[in-house]
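Please dock the two separately framed chains into a single complex, following the hints provided.
Top to bottom, those sequences are chains L and Y. Here our numbering is used: the first residue of the first sequence is -9, the next is one more, and so on. Here our numbering is used: the first residue of the second sequence is 29, the next is one more, and so on.
Just so you know, not all the hints are guaranteed correct.
[Said to hold, decoys possible] Taking lysine-lysine and the BS3-like style, the derived pairs with C-alpha atoms no more than 25 Å apart in a straight line are:
1) L/K152 with L/K251
2) Y/K233 with Y/K221
3) Y/K145 with L/K(-1)
4) Y/K221 with Y/K145
5) L/K(-1) with Y/K221
6) L/K(-1) with Y/K233
The hints are simulated quantities; they were obtained by calculation from the structure and are not laboratory data. Just so you know, these numbers come straight off a predicted model, no measurement behind them.
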Amino acid sequence: MSTITLASKRRRAALRTAAFMSPWLIGFAVFFAYPLISTVYFSFMHYDGFRPPTWSGAKNWTYVFENYPYFWPALRNTLWLVVIMVSLRVLFGLGVGLLITKIKTGTGVFRTLFYLPYLAPPVAATMAFAFLLNPGTGPVNSILEKIGIPAPGWFNDPSWSKPALTLLALWGIGDLMVIFMAALLDVPQEQYEAAELDGASAWQRFRYVTLPNISPIVMFAVVTGVIQTMQYYTQPLIAGKVASGVIQGAGTQFEPGYPEKSTLTLPQLVYNLGFQRFDYGSACVVALVLFALSMVFTAFLMRRRGGLNLAGD
Amino acid sequence: MTQVLDKPVGVRAPASPAARTARRRAALEWVAVHSLGVAAALFFTLPFVFVLLTSLMSDSQALSRDLIPHTWEWGNYRKVFDTPGFLTWWRNTLVYAGLGTVLTVVSSVPVAYALAKFRFRGRNLSLMLVISMMMLPPQVIIIPMYLFWAKQLDLAGTLWPLIIPMAFGDAFSIFLLRQFLMTIPNEYLDAAKVDGCGDLRTLLKVVLPMARPGIAAVGLFQFFYAWNDYFGPQIYASENPGAWTLSYGLESFKGAHHTDWNLTMAATVLVMAPVILVFFFAQRAFVEGVTLTGVKG
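Pulled out of the complex, with its shape left as it was, chain Y reads as follows (with noise of 0.2 Å):
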């Protein structure tokens, strides 16, 4: 103990047998957890990299037990191309996810400023509502609203049933927001109203700057859900060809080519690709975006 005590400051005593096996199992420590950590990426990257092999073979090829393209068969991403309905696909999904985003997003701000910053009678209420409506399966209510969309409003073959409704609030997005403006201090919007600012222009001039990560959060969280939707489209694009998005078409994609597993995994490269590229010019959105719903209750 006092031996310890008595050592000169800042000068390296000879390594002691107690620090040399620290240091050596901080050192086997390192190697374990790096060896996990590369276990790991081969889980969570392998099967990207067999389909973006097999989706260059060739037709025989991909249905042989090779990993590995005998030929570059690069031809295969025009081919995907050049099948009927696939450019009409990409505009539909571009059309549904950046309409239904920019909706979304400008009727979920409000909502979500009102539930985080003003007090009412009713807010816990409607807090709690939100919340039951993210948390409900589409399932649940589907068949009214099919009813309501193809009989009543005869929408059925068309993806307006899917965009309008995001004009009205989306549940998950008011709540991700919600979570996000209550970091905001009350500070910021009091001294606003001092300067004489309505409630809209404190909206608009003071919080809208200062939530850009969240809006930006929650915009691609919409963008991704709808680019991703299957259920939706299948509801009520289905008998149209004409109104596939990418996810529902990509199934058929395999119906056209029925065991050509390289064209199908062409294609599922170029639906799978975008979302990737996105999340490498928005990783820190995301991340805010995911940590917000868990986190910061």
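For reference, chain L alone in the conformation it holds in the complex (with noise of 0.2 Å):
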């Protein structure tokens, strides 16, 4: 008799448990595997989204490698991005986490301000630094020029491009700002009063005391903002639209990347192929090695030792 209460209880948990998870089963199943699996389906096939899909074997494979113009600048310039960008942001947003932390009088209108910009819509804040930037009109070049400093062309530059968009990232730093700041106040004080008592410096504290202690949030930021990085879309798409002059709807195909490929992201590469195009195929070629690359850097996040334990209870 209690095998059978057992079972049936076991059964109803069962049950209780697919009853809860059922939303995200669904929604796991129709908008990630379906898609997923479609998207390799047609990387093989030529699609224009009229004509009945046919099969092309590797052709889109090879026409993406080998032929279209974009994909290796798209992912020369992810690479910067992720090397300079990525770091430059880890390293300004502990800056400003180390900051707020000893600032002691006005503490919260400071860390007021510095989280703002993070909320910004990130098409207004686009929009407003390429105003901010315009080499003609702009603010920055007008009171760069004042105080004798040669100003730069910023998004019309192809060699000023990204580190605008850097700019652009430092200044919505505002989520790195609180992690950081959440962790430096979880440091055991005790262990900074026994390396004062040692003679350390505060140089020495914060290398052997600091480091160690926030080193699994330094990592979850940096991969974290890889993982972004593999995500840029709008930033660089408006950047280039509003430097280039582009009006939307008037008939004028944008060049993207503008200046001279310089903003290309492989996001951007997905909609140029896929819906500007019509070459849904070749589209999804890039899908997938976008694909490929932001699994990596997920499973080295999700890795027990090293990363932070996120899976973990």
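Here's what the structure looks like:
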């Protein structure tokens, strides 16, 4: 008798779990698994959205890697952004986080001011920066010229467009500041006192007490930063569009990555191939490259040792 | 050494040279830290100030290199509201963000609860898949998704392809809520069970009231995700200006008024303002949410 109740109890528990999980189970199947498999399928098909898809073997793959002139610049830009933009963001975020823990007067005001730019909608923030950094009429360059510093061309100059995007990214550091601040306040105070008794300098205290304690958070910031860079889409697109003076819906084709492909990222290629050239097959190839890169970094994030233990209890 | 020990407690000793340099160093540090703070504050706020100032300039002055308006053109804001479509974009944005937020919270809470408190086979695997979904760039699956909504359900030109999926749980919200629910002690759940509460009752009567801050954080994040979303409306709504959202329409604003930086910046202010306003009412929920993503592993 007891075995029967045990079995029915177990079945009830399984049903309960399934019921609670059901929204996500459906969502996972319909909005994740199915489209992911379809992306693989379409990457081997020739499909323009009108005529039925036809098998094209590896043609899309060779096209993207060998003949599509935007792919390698986009990959190179992504690497630039991953190495330079992400590391500057982490360093600056840590610096601002440290600063905010040292500020003793008006902390709330400072924290709010530092945090606000993070909230600015990306399109609005990018349009604002495209205006601020406009070489002709922007306030930044007019100030720079007044104090005698040669003014760069920012979003209109291929060698300055990525630094301009980086500046925009540094402006929106609020989330990292909060995370670092929480981590810094969690460092056990006794360790600082012990280090001070041993005569450690400020730098030594930072190097041997602070850093080891917050290293998991630094790691987390780096890896999530890299994943965010894999999705970097709105800011480079808007910056390029505004700087090149393209008018939406006026029939002017936007040259992706203006100026000179310097602001291209991989997500932009999916849009360009799929929704401007109606070459859905090749768009899926780029999508899969993006998928592979993102999953490598996600796996890194979820590794039990080293990164944050996201999945553990 | 003995001198220090002999000092009577509670009476301030005449400042020794060492104490004076220490105090001077502390004062110097205070000044240095706060000057750095002011410099950083300028970096973070000046862009807002310049945008605001430009939004109040006349057409011709906005094209000059002046920093401060000669005449304060408050009428610029009226012109923005009079632009055809602008009010429609507001309405669409509120529908997308409002409906999307409600659907996300309702569908994500039970999933997060199960992942946080139920023990079942495949729980860790599910959680890992949730995290993978969270990390996935939306562009990876956009081609089949677009074909599905546009060709099979004929919903291109509307925001429904963006709203409907939110009724099936959002990975980021599930993860964030799960992190929050983990912090609720199991004793409360056991006590509810002893009192004869079923799972659903326990969730509704015991867990939800305690999870209010977490739900507020998730709701806010989801609301602003939709408010800020550019890619989604670009894919599904671009061909129908009647379905545009503020974030998507804002860019076309520049097109409608080629180089009218003053009106463009006024529109920019109007898109940023609600976000910043809500932040002032819900600061704690925001900060709580951001910290949950990073710190409490």
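A quick look at each hint next to the structure:
1. L/K152 with L/K251: Roughly 11 Å between the alpha carbons, so the hint for L/K152 and L/K251 holds.
2. Y/K233 with Y/K221: holds, 12 Å
3. Y/K145 with L/K(-1): Distance ~17 Å between Y/K145 and L/K(-1) Cα, so the pair holds.
4. Y/K221 with Y/K145: holds, 13 Å
5. L/K(-1) with Y/K221: Answer holds: L/K(-1) to Y/K221 is near 15 Å, not above 25 Å.
6. L/K(-1) with Y/K233: Cα-Cα ~23 Å, so holds.
When the structure is compared with the earlier hints, no violation turns up for any of them.
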